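**Q** For the record, the sequence lines run as chains L and Y. Offset between the first sequence (1-based) and my numbering: plus 56. Offset between the second sequence (1-based) and my numbering: plus 56.
Please keep in mind that the hints were generated in silico from the structure rather than gathered at the bench. All figures in this text were calculated on a predicted structure; none of them were measured in a lab. Every residue, glycine too, gets a C-beta built ideally from N, C-alpha and C. You can trust all of the hints, since none of them are fake.
Covered stretches of chain Y (in silico footprint by chain L; criterion: 3 or more residues with CB under 8 Å from a CB of chain L, positions within the stretch not fixed):
no., segment
1, 59-72
2, 102-110
3, 114-124
4, 217-223
5, 352-362
Pair ranges (Cβ atoms, derived):
no., chain 1, residue 1, chain 2, residue 2, range
6, L, Asp398, Y, Pro444, 23 to 33 Å
7, L, Ala427, Y, Asp141, 49 to 59 Å
8, L, Arg387, Y, Asp391, 45 to 55 Å
9, Y, Val227, L, His386, 27 to 37 Å
10, Y, Leu136, L, Thr357, 47 to 57 Å
11, L, Ser86, Y, Asp391, 41 to 51 Å
12, L, Asp239, Y, Asp420, 36 to 46 Å
13, Y, Asp390, L, Asp151, 51 to 61 Å
Protein chains: 2
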Amino acid sequence: MADLLVIQSGGCTAAMNASLAGVMRSAARSRRIARVLGSYRGVLGLLRGELIDLSEQRLDLDRVRHTPAALLGSARHRLLPDDIDRALDTIRRLDVRFVHVIGGNDSADTGHRLATAAAERGYELFVVTIPKTVDNDLPETDHTPGYGSAARFVAQAVMDAGRDTESISSVDPVKIIEIGGRDAGWLTIAAGVGRRDEQDAPHLMYIPETPFSVEGFLDDVQRTFDRHGRAVIALSEAVRDRNGVYIHANGSDLYTDSFGHRQLGGVAAMLCDRVAHDLGIKAKFDKPGTIQRMLTACHSTVDLDEAERLGTAAVERVLAGVTNRMVTLHRVSDDPYHCDIDDAHLHAIANRVRTVPAEFVTDDGHAITSAFRRYAEPLIGAALPDYPRLARRFITIPSSIV
Amino acid sequence: MADLLVIQSGGCTAAMNASLAGVMRSAARSRRIARVLGSYRGVLGLLRGELIDLSEQRLDLDRVRHTPAALLGSARHRLLPDDIDRALDTIRRLDVRFVHVIGGNDSADTGHRLATAAAERGYELFVVTIPKTVDNDLPETDHTPGYGSAARFVAQAVMDAGRDTESISSVDPVKIIEIGGRDAGWLTIAAGVGRRDEQDAPHLMYIPETPFSVEGFLDDVQRTFDRHGRAVIALSEAVRDRNGVYIHANGSDLYTDSFGHRQLGGVAAMLCDRVAHDLGIKAKFDKPGTIQRMLTACHSTVDLDEAERLGTAAVERVLAGVTNRMVTLHRVSDDPYHCDIDDAHLHAIANRVRTVPAEFVTDDGHAITSAFRRYAEPLIGAALPDYPRLARRFITIPSSIV
Chain L
57 MADLLVIQSG GCTAAMNASL AGVMRSAARS RRIARVLGSY RGVLGLLRGE LIDLSEQRLD
117 LDRVRHTPAA LLGSARHRLL PDDIDRALDT IRRLDVRFVH VIGGNDSADT GHRLATAAAE
177 RGYELFVVTI PKTVDNDLPE TDHTPGYGSA ARFVAQAVMD AGRDTESISS VDPVKIIEIG
237 GRDAGWLTIA AGVGRRDEQD APHLMYIPET PFSVEGFLDD VQRTFDRHGR AVIALSEAVR
297 DRNGVYIHAN GSDLYTDSFG HRQLGGVAAM LCDRVAHDLG IKAKFDKPGT IQRMLTACHS
357 TVDLDEAERL GTAAVERVLA GVTNRMVTLH RVSDDPYHCD IDDAHLHAIA NRVRTVPAEF
417 VTDDGHAITS AFRRYAEPLI GAALPDYPRL ARRFITIPSS IV
Chain Y
57 MADLLVIQSG GCTAAMNASL AGVMRSAARS RRIARVLGSY RGVLGLLRGE LIDLSEQRLD
117 LDRVRHTPAA LLGSARHRLL PDDIDRALDT IRRLDVRFVH VIGGNDSADT GHRLATAAAE
177 RGYELFVVTI PKTVDNDLPE TDHTPGYGSA ARFVAQAVMD AGRDTESISS VDPVKIIEIG
237 GRDAGWLTIA AGVGRRDEQD APHLMYIPET PFSVEGFLDD VQRTFDRHGR AVIALSEAVR
297 DRNGVYIHAN GSDLYTDSFG HRQLGGVAAM LCDRVAHDLG IKAKFDKPGT IQRMLTACHS
357 TVDLDEAERL GTAAVERVLA GVTNRMVTLH RVSDDPYHCD IDDAHLHAIA NRVRTVPAEF
417 VTDDGHAITS AFRRYAEPLI GAALPDYPRL ARRFITIPSS IV
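Excised from the complex, chain L in its bound form (with noise of 0.2 Å):
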């Protein structure tokens, strides 16, 4: 019998506590493993000593599986060298024979590097890591647990704001909704799932894939103006101009907080300020932050089995001798949509991206294609709500009272 360290890390989800649902679950059935032990705040935990007996703590797993963010709490922190030493050292005197870090890219490498260690070191030591992040953006699996609810806020978000600008353009008609994802536009996209007309939000996307220009930008929104009389715009928060430099971050320092900081974010906001005084057309926008990736009402049921099926696949491939791989979602088929568990070494994963391939947008970035329609229903769960619309004929009044 020997222990089994599990470690919650990055940015959160509202998946993420699936997999340690899963994680336990299938930890209990082996007799194999003594005790679960979560590393409180992300990797910080094995390096502080701050180390939990989670088998003692009689949690709820069904509770546990719908509760957004990290049950363990995360944390950013990538391991320098001394800090392999002493998370191995901590490892070792606690016999610890089994790690699961439930992360993204950067616990790919901290896997990587743990393994790598302790098999230079000769300890027996098994690391298999449980991908997770709403960017969608890990290499090698199909999809990545988190992303399908969030993916599913963004789509229902977009659909419904884009209701409330069809009926009150004539107030408010021009909406930019900001949406998160530093280095890939998957979750931009995905508001194009409940798009079904080009009546319909959005009327324009904007992602990081795509080189952005403010010139360009403001004729996509007159022009939309011009044909629609409103436009509903999806505008991930890490557009780019065609140098790679974030948009929001150039020109005026309006946008760069007091420590000097060009932070993420105020790109909407400054893009609304040109609408309104470049095209003379009010602008808002929205920006849900971390609510499109902890909103639970939005959780994906396909989401949640996946990141829980992950979490027990990784326990089973630890006890059967797996190490230094992440698991992945291999998928079989789109209808009936279905995903094998697969892995993959982790090598392969740590520090790489992947972006948004060019065959799931239209030339033009502005709307998604059937592929990507394929690709990402399936992961949203349920299907999105069908809203009528009026036919808009008109009754004829009569020309003087009856």
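Got chain L; can you put chain Y on it based on the hints?
**A** Just chain Y now, kept in the frame of chain L:
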């Protein structure tokens, strides 16, 4: 037989089409109503002669009920004296005898002036308006349809975003969530409904009813940060200083748009900057904006039911000869929750605002009271989730390798 005219007006909610469905269902059952006519884009449709015969559109009323915003289109337009004449002229030519306006304060004013003008001209017209606003600021009614669903969004979003901050406070310790409502803090204090203990978000709330100072805010944030290592803040977009001046409109012109309009919406960004600059603590904000009013994933079933019941009841009242009134909700019991339907004179509604009463918030304004919890919990529908939290008990780590 005579026609019935229905108008949707003002800012949109996720429940206002449920009232429309109630009107249509109820009208379809009456032999005295010929057609149900919808005014396209608020009162503008009536003024422009753009009316739609809803009876011939074969709408699926269950889908109408669940569609956010205004299926008929909405507008903000205050009737001028000439407008009243034009509107009544169209009404008389069509022999419309029944009018419903689904709206807030301004709609009560519109309804009141239409009913009064018709009476003055000796034209028999029955006008009963149906309350609608996420702001919950109408007098004479326990609450307004649209509020329950928006309040559910706010409560859930702040709970869930709060879990994110709790998980990763070592990276992002302060989060400001900017919540709508121009004159009253009803929607902001809904953030408190999901809070079960002092660990839970929101740690601080700021509403327009309590004078706001940036210095006091910074003190509160520092104190909360010292105590909890984090602060999640529910902030009304409309907080004002002791002179009633909106905070976002103070000082710098940073948050003034290019037309010189001082728009609501910039206060959270400004305060994040102050937290970073004055306290040296990293702060971010979420601004759900439109999404808080619209997201159907947060529909409160109680809200939709009441919105539809009020639509039904409004038709029953005009058929019974009632005019110049708004249907209202009268709470009979908190537990089990039930509201009867009543009505009030439009003169008592128009252009009046009901702010949050003192007994619904604590003296410092930063938390809700049990009285508000009793008031609000039934309105948001199904119970909010109850997330587990780990006991922070760390295991002992052996001093040497076993």
